[in-house]
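Please put together the full structure from these sequences, using the hints given.
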Amino acid sequence: MIYGLKIENDVPKTVNNFLKQLLESGKVEAVLAMQETPSGRSAFPTMISDPDKLDTNVFAPLLPVSTGAMVSRLTKVKGSKKPLAVVLRACELRALTELLKLKQADLENIVLIGVDCLGTFPMKIYSNYPGDEDPTEVVLKGEGEEDMRTACLNCKDPVPETADLIIGIFGTDTGKSILLDTRTEKGQELINDMGLSEFGNEKDREKAVLDIRNKRDEARKAFMEEHSDIIGVEKLLEFFDTCVNCHNCMKACPICYCRECLFESDVFDVEASKYMAKAKSKGAYKTPTDSLLFHITRFNHMILSCVECGLCEQACPSDIPLMDIITAIAENAQAEFEYLPGRDPEEEMPMVVYREDEFQDVGEG
Amino acid sequence: MSEEKEKTKEDFEPKIVGFLCNWCSYAGADLAGTSRIQYPPNIRVIRVMCSGAVDSVYVNRALLEGADAVFIGGCHPGDCHYLNGNYKARRKMVLLKNILTTLGMEPERIWVRWISASEGQKFADTVKEIVDETKKLGPNPMKEKWNI
Ligand code: SF4
Ligand code: SF4
Ligand code: SF4
Ligand code: FES
Numbered sequence: 001m002i003y004g005l006k007i008e009n010d011v012p013k014t015v016n017n018f019l020k021q022l023l024e025s026g027k028v029e030a031v032l033a034m035q036e037t038p039s040g041r042s043a044f045p046t047m048i049s050d051p052d053k054l055d056t057n058v059f060a061p062l063l064p065v066s067t068g069a070m071v072s073r074l075t076k077v078k079g080s081k082k083p084l085a086v087v088l089r090a091c092e093l094r095a096l097t098e099l100l101k102l103k104q105a106d107l108e109n110i111v112l113i114g115v116d117c118l119g120t121f122p123m124k125i126y127s128n129y130p131g132d133e134d135p136t137e138v139v140l141k142g143e144g145e146e147d148m149r150t151a152c153l154n155c156k157d158p159v160p161e162t163a164d165l166i167i168g169i170f171g172t173d174t175g176k177s178i179l180l181d182t183r184t185e186k187g188q189e190l191i192n193d194m195g196l197s198e199f200g201n202e203k204d205r206e207k208a209v210l211d212i213r214n215k216r217d218e219a220r221k222a223f224m225e226e227h228s229d230i231i232g233v234e235k236l237l238e239f240f241d242t243c244v245n246c247h248n249c250m251k252a253c254p255i256c257y258c259r260e261c262l263f264e265s266d267v268f269d270v271e272a273s274k275y276m277a278k279a280k281s282k283g284a285y286k287t288p289t290d291s292l293l294f295h296i297t298r299f300n301h302m303i304l305s306c307v308e309c310g311l312c313e314q315a316c317p318s319d320i321p322l323m324d325i326i327t328a329i330a331e332n333a334q335a336e337f338e339y340l341p342g343r344d345p346e347e348e349m350p351m352v353v354y355r356e357d358e359f360q361d362v363g364e365g
Numbered sequence: 366m367s368e369e370k371e372k373t374k375e376d377f378e379p380k381i382v383g384f385l386c387n388w389c390s391y392a393g394a395d396l397a398g399t400s401r402i403q404y405p406p407n408i409r410v411i412r413v414m415c416s417g418a419v420d421s422v423y424v425n426r427a428l429l430e431g432a433d434a435v436f437i438g439g440c441h442p443g444d445c446h447y448l449n450g451n452y453k454a455r456r457k458m459v460l461l462k463n464i465l466t467t468l469g470m471e472p473e474r475i476w477v478r479w480i481s482a483s484e485g486q487k488f489a490d491t492v493k494e495i496v497d498e499t500k501k502l503g504p505n506p507m508k509e510k511w512n513i
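Residue numbers (the working numbering), protein chains in the order written: chain P, 1 to 365; chain W, 366 to 513.
Just so you know, the hints here were simulated from the structure itself, not pulled from any lab data.
Do not take every clue at face value.
[To be verified] EDC-like, lysine to aspartate or glutamate: derived pairs with alpha carbons at most 16 angstroms apart:
(1) P:K278 to W:E430
(2) P:K282 to W:E473
(3) W:K462 to P:E331
(4) P:K141 to P:D193
(5) W:K510 to P:D241
(6) P:K282 to W:D376
(7) P:K207 to P:D173
(8) P:K286 to W:E509
(9) W:K510 to P:E331
(10) W:K510 to P:E238
Keep in mind the model is a prediction, meaning the values are calculated, not measured.
What follows is the structure, encoded as structure tokens:
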């Protein structure tokens, strides 16, 4: 069911008031949502229980971390005892869905509020946003694409389809009202007694969602085409030439699920003589070793669940445009297994299941 | 000129790393040895408890260190000692090859074969096939790269 949410002041404040109502009504004990830091240079998913401290901006065009990974942190030891509303973007929700499949998060007492995503800026741009304009206003006007992260411009779907409740922007007149789309009973219960009226412009909504999806799809195809020349060992080594093997990409990735990454462990540590032997076999050996091994293996471990949030790229100190290759790797690998991460919480991860009658050419001469 | 080049290309002796399942292919290799079935000496065998235990990291490492081919030998589908390790190995290797294909990194250097403990001849034939095909491919370019 789709309801309209009348704008008071501006869009972020309207949503903030909506969240405040949820807190004050006692339907939830806390809200986890994007809140700007006091300097205004950043915003983070913030757990807020005091309505007076609630000063969220769920449309802040910034993805500092994945809220999906934060929910995992908050609940992986034990689920929430008290009702909590989590506000998150589509890619964050998809990451959370994958983490749930890995049993690294718990949704007990959690209601998921998804927000339409207009795209986000790199941390470096957001925190020093040029001119006097407020970055949130810029994206709400439908502008700012030239500064957006490539992950966002190529987004597979900016609508958080599997949320309990969606706060929708596409297809609304943000001067007048935005929409609340209840997708589950849990979501419906949140707003039941708010006296909201029907949105009424379902057609506009549908069309706008279709338009944005098509736009992103086309951008994605063009992007993959543009970077399709990064193939072969020479090009790949050149691509990763400035990689300092810091593993930030892995740490920022919401999907890199290992409690201890293989590459942070000591399994590759060997005595000096072995390194000497390695050097001798090739004549020379760059250290730290195994950068490419790290990347290719990481892709093998997580690419089927890669939600293309681009956090890896944002975390790279060498500004390696990781999405230039990850987009195609994810696309092809996920197509092979007809799997889309985050699409359906019930869908099993490809590497934990198998069918006897598949890939039968593998292993036969 | 081109003929000569061709010759040097096929002239090298490929190094093959084989990850062989203890319960089948490894025993198959053993049988080939004890039955004195001839096969090329190019393979270095690493025994694993199940083909399902071969993580992509082992395969990648061998390839990046310069192995000319990697061979994963497991039990025939339905015969895995741990029921479904080979089905999972199959998926893992499909994924690995898919990724290497996207990256243009010679997925054809990876071989998966199901060979039982009684198939000594099949083991020998497979090694020969891998050696022949790898000679056609030429040496793994990774061998020359000091900067991986
Ligand atoms: S990847 Fe998509 S959902 Fe994620 S921040 Fe970008 S536009 Fe939003
Ligand atoms: S690999 Fe990069 S884009 Fe994919 S989920 Fe991880 S951080 Fe996001
Ligand atoms: S964050 Fe960048 S420099 Fe660090 S390991 Fe990843 S790609 Fe390399
Ligand atoms: S035990 Fe041989 S493949 Fe699993």
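Hints versus structure:
no.: 1; hint: P:K278 to W:E430; result: holds (8 angstroms)
no.: 2; hint: P:K282 to W:E473; result: violated (23 angstroms)
no.: 3; hint: W:K462 to P:E331; result: holds (14 angstroms)
no.: 4; hint: P:K141 to P:D193; result: violated (31 angstroms)
no.: 5; hint: W:K510 to P:D241; result: holds (13 angstroms)
no.: 6; hint: P:K282 to W:D376; result: violated (20 angstroms)
no.: 7; hint: P:K207 to P:D173; result: holds (14 angstroms)
no.: 8; hint: P:K286 to W:E509; result: holds (12 angstroms)
no.: 9; hint: W:K510 to P:E331; result: violated (29 angstroms)
no.: 10; hint: W:K510 to P:E238; result: holds (12 angstroms)
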